[in-house]
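Given the sequences, and given the hints that come with them, work out the whole structure.
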Amino acid sequence: MVRSHAVEYLRPAFEEEQLVVLTWIASVRKVQSQRKYQFFRPSDKALLATGKTNWVFVNRSTGKPQAIPPAVANAFEVVPDSKELDLKSFVLQRDYFIHK
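Per our numbering, residue 334 is the first one in the sequence shown, and the count goes up by one each step.
Take these hints with a grain of salt, some might be off.
[As the list claims (entries may be wrong)] Here are the simulated DSS-like cross-link-like pairs (lysine-lysine), alpha carbons at most 30 Å apart as the crow flies:
1) 363 to 378
2) 363 to 397
3) 385 to 363
4) 397 to 385
5) 378 to 397
These are computed hints drawn from the structure, not numbers from a lab.
Here you go:
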């Protein structure tokens, strides 16, 4: 379940522009996880927005927070803050195609 969102808008995006969204798991704790994301415009390599979402793992029957099962926690690689710039470089070196 989403606990909170934070988004910082840095530059505008316009209709018909191609965008790339980079997203990753930034942390996993006992009952919480944080996912971060960045929105880029590949044509000029501009960073348009950054954000993060804090998630709480919830028991479906009770609706109360519960520990994240190891199988779920281990299914995703946690990307430490020190690796974020490497991800941006990787994404911006690629060519992207839009399928209509």
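| task | Would you list, in rising numerical order, the hints stated earlier that this structure does not obey? | result | The structure breaks hints 1, 5; every other hint is satisfied.
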